[in-house]
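> Residue strings, one per chain:
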Amino acid sequence: MNPISPEHAILHHLIGFLGSGLLLSAFAMLAMRRMTSLVRIFALQGIILTISTLAVSILSNETHLLFSALFTLAFKVVLLPAILFRLLGRLKIQGEVEVLVNVPSTMVLGLGVVVFSFTLSAPVSEMASTVSGGLIGIGLSSLLLSFLMMITRKKALTQVLGFLGMENALFFSAINATYGMPMVVELGVAFDVLVGTFVFGIFFFQIRETFESLDLKHMDNTSME
Amino acid sequence: MAVSMTSPPSLFAIEGAQLLFAVLFAPVLYGWIAVCRAALSNRSPAGILQPYRDLRRLFGKEILVPDQTSFLFPLVPIAVFGGLAASSLFIPFLWPDPVLSPVSDAIVLVGIFSLVRIMMAFGAMDTGTPFGDLGARREMMVAFLAEPATLMVLFTSSLWSRSTELPSILSSLLSSSDPFRPSLVFAFLAYTLILLGENARLPIDNPATHLELTMIHEAMILEYSGPFLALMEWGAQLRLLLYLLIGIDFFLPWGMTTQISVMGFAAGGLVLLAKLFLAGSGLALIETLFAKLRIFRVPEFMAMAYLLAVMGFLIHFVLEVQS
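Line by line, the protein sequences give chains B and L.
At position 68 of the first sequence (counting the first as 1) the number is 68 in the numbering used here, and the numbers step up by one without a gap.
At position 82 of the second sequence (counting the first as 1) the number is 307 in the numbering used here, and the numbers step up by one without a gap.
Simulated from the structure, these hints should not be mistaken for lab results.
No experiment lies behind these values; they were computed from the predicted model shown.
C-beta: ideal position from N, C-alpha, C; glycine also.
Errors might be hidden in some of the hints.
To be verified - Residues from chain B that keep clear of chain L, each with C-beta distances beyond 12 Å, as calculated:
1) Leu194
2) Ile207
3) Arg208
4) Ser213
To be verified - One side only, chain B facing chain L, incomplete, derived with CB under 7 Å:
5) Ser20
6) Pro104
7) Met107
8) Leu111
9) Phe118
10) Gly137
Only chain L is shown next, with the shape it has when bound in the complex (with noise of 0.2 Å):
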């Protein structure tokens, strides 16, 4: 691709910016978030440096395991936080090319979410509390559910650029001139809901809850204390950042810089920063407008999603390829 003029150096420190962007900015993302919810609903906001303050709390505090935990339970917040945190090595949102993207195209990607999925179950599953159990059971339903429509949006998406790697979807998307396209519509509906679905945010989940019978995520997280949940919550922090920056170079990568320059860095890290407070209100906004929906709904949900990525995976075969 273009950057082999450059060298290696400048672009690892890209990849540092990368990661450091995705780990410090994950906060102030959920911040954001909560800040346009309290607006909506007439709240006065905690402010968006908030989940900032919570971590540093957390963070102070001594680490405390259950009794009868294996050594799993530990392992899990640091296999979480790192898992995800190494994917933004991988995912170009300053860059259309990190150096580190071929490791792994998008469906190591869904893989990875799916391994830091699975030791939240396990560490959830290991201190043998009711709890956990049911988080961790119903945390598998709802992706179960998701991941095959992830895997058909990412299909969908890949069907231009006819490579499932990230930086190559995303130059076949900026290079090409056609305004519209219907199957990226559909793909975006059923990203829009699996977001939803996989973040555990309001129609499927209730981050702000610690009601019994409705809670999945909070209940997997129960017998974490201290720094252990801080990094458990900063997991989640950034899993909703990556898959919002999954999101935006699928459905919207324009204003990505494609020069190695300090102007073009801001430039393109000004338009990245608009796009991710903009997706950040478009979410409080629908969570705001919908409610919880009952657990026996959440397959009808994510069955939709999986037949909208579908339909934009056959419309892009009968509007798109011939014209």
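In isolation and in its complexed conformation, chain B is listed as follows (with noise of 0.2 Å):
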């Protein structure tokens, strides 16, 4: 690793400050039982990965990033929230989230999620040539942390939310690992993804119309049909 001086010491800090937040945000996704406020979760990812690419770029001198963190700013802090809060009206959804498995065991299966992907990583950050790269850890275990809740809830709404938060994880380990993709990569996700939730928006509407519920266990019969 390069020398660093006092200065960037102290956004190097905060980077992994930040880090602990996105793992702790991934971790009160998990734990969250109302949908409005997964989607605040989802907000405050957002930010968090605004201010790291921030910092990510003051400290690598990389000026793409600047626009990466602009493009987080306006996607995943702005647009897709309010997109799924209008979602939430619409769909009057407003009740619980309900789970397969319960809360306390999924935190511990989290836990376990956790301790797997920082031995995981370690030889990988080693490795890493960046100034973050201790964060790769970080990064995927929040990735998988979003993966578990996907697997364990039933609403398609919250499942996508898990998505979400995947693609947040996905985008801080590629900042810290490599900073960042390609432009062209990284805008093609953003608006994937700005997509990917329009679609997503329409389609709770159609399995809500076609199975009276927003519960995918409905799905699995319909090969039958």
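If you follow the hints, you should be able to join the two separate chains into one complex; please do so.
Structure below.
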């Protein structure tokens, strides 16, 4: 690793700090029982991503990361939460999140996931040449935690939030492992996620019209019809 | 450590001051929290000294012991109060290195708190009433869920100093220049949850209610009256203060005096008081914002605390060791 000047050391610590914030928010998503708080946490993840992208861009002098930070702010803090809140209102979802595995067990599982991904990424972190290579483990564990959320939740909307959380974690890992993907790829992914959310939104209405519920277990039987 | 120059008598005087401060300030802190809660919910407060008035009233009553209780029943209040008052000698808060603190490291401290809790459970079960029994069982449930989390928080904090002794944890925190410590943030969050659970504060237990189905702490001390009840209540107040003091040692130790001088102690004491009053109002805010959890949600709450503590522990190795 290249030597770090004192003013950069603070930024460096800030990124570590934000990384643990991201991990914490992934856990908070697992623990939350209300839909609206889930969307709020998602917006918070967006803010964390924006600030850490800015910090990495200052640390590494990569100007394209500034644009990434801007896009993150626009998409993940403003646009997507607004769409999701609108969806919640239109679908009249207010109640509690339904779970397949109860919350304390999911938490313990999540802890296992964190240990697993920290162990897995330790050698990768040592190889990483970027300023914040140590954070790959945190990105990986947040990714797997969001994945865990997709697996253990029943309702379609919660699973979409899990998917968006996964994308956030992936973005965070990419920034810290390789200073982000090329601009074209990043833009593409951002638009994909946006369009995906629109499609999911339309999908929700279709699912509810067909099965009169957003519970995805009804979709298991569709092949028999 | 640095105290080898000073004479033992002054060090023991500091210990005495610590004991006096803890025992006398605990009711004031309780009163302050009640005042904050009253202000936050638009009620007129009873005054910051109300716990003292309650204690005086209780001490003025005669001692009543229920029939069919064993020798344990009158022993419990004394053991509870004594154990907690003694722990105030081991926790550094006026002086970073109390002369008696080598007697007990953080793990022994957790042990003393468990001993106190077990004594309370014994006292509650000794009377044979269903309520006491119920309260004792619930308290033990919360305790056994909180204890691993407490130990993990202690271990996370002691990773910095490679020692579980409170003075060395404190000195390693005071001497380092590094402001960002993700692992301690996790540990702090976990500790806040533990503090609420262990001291029968609101999301777990409402200290101001005697509703049969929900009470935990109050159910345990239901059969005590007069001076015994006063000792139990004072013990509970002391326990809250001690938890806050340990929390300040771990997460906010700055401002403690490092020289034996009147000015140093006055300044350090003022900073400590400010921190305690601030922590008390924070506690009151938490208690105003959150509703009481169902008893079956308590394991979830405590699992969260344990999880946060373990995460802090892991984060230390991932983020902080190599840098």
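> Next, verify each hint and record whether it holds.
Each hint tested on the structure:
1. Leu194: holds, 31 Å
2. Ile207: Its Cβ never comes within 12 Å of chain L, the nearest being 30 Å, so this holds.
3. Arg208: holds, 30 Å
4. Ser213: holds, 26 Å
5. Ser20: Holds, because the Cβ-Cβ distance from serine 20 of chain B to chain L comes to roughly 4 Å (cut-off 7 Å).
6. Pro104: Hint on proline 104 of chain B: holds, closest Cβ of chain L at ~4 Å, below 7 Å.
7. Met107: This hint holds: methionine 107 of chain B lies near chain L, its Cβ roughly 5 Å from the closest one there, short of 7 Å.
8. Leu111: holds, 6 Å
9. Phe118: For phenylalanine 118 of chain B, the interface hint holds, since the closest Cβ of chain L sits about 6 Å away, which is under 7 Å.
10. Gly137: Holds, about 5 Å.
Hint compliance for this structure: every hint is met.
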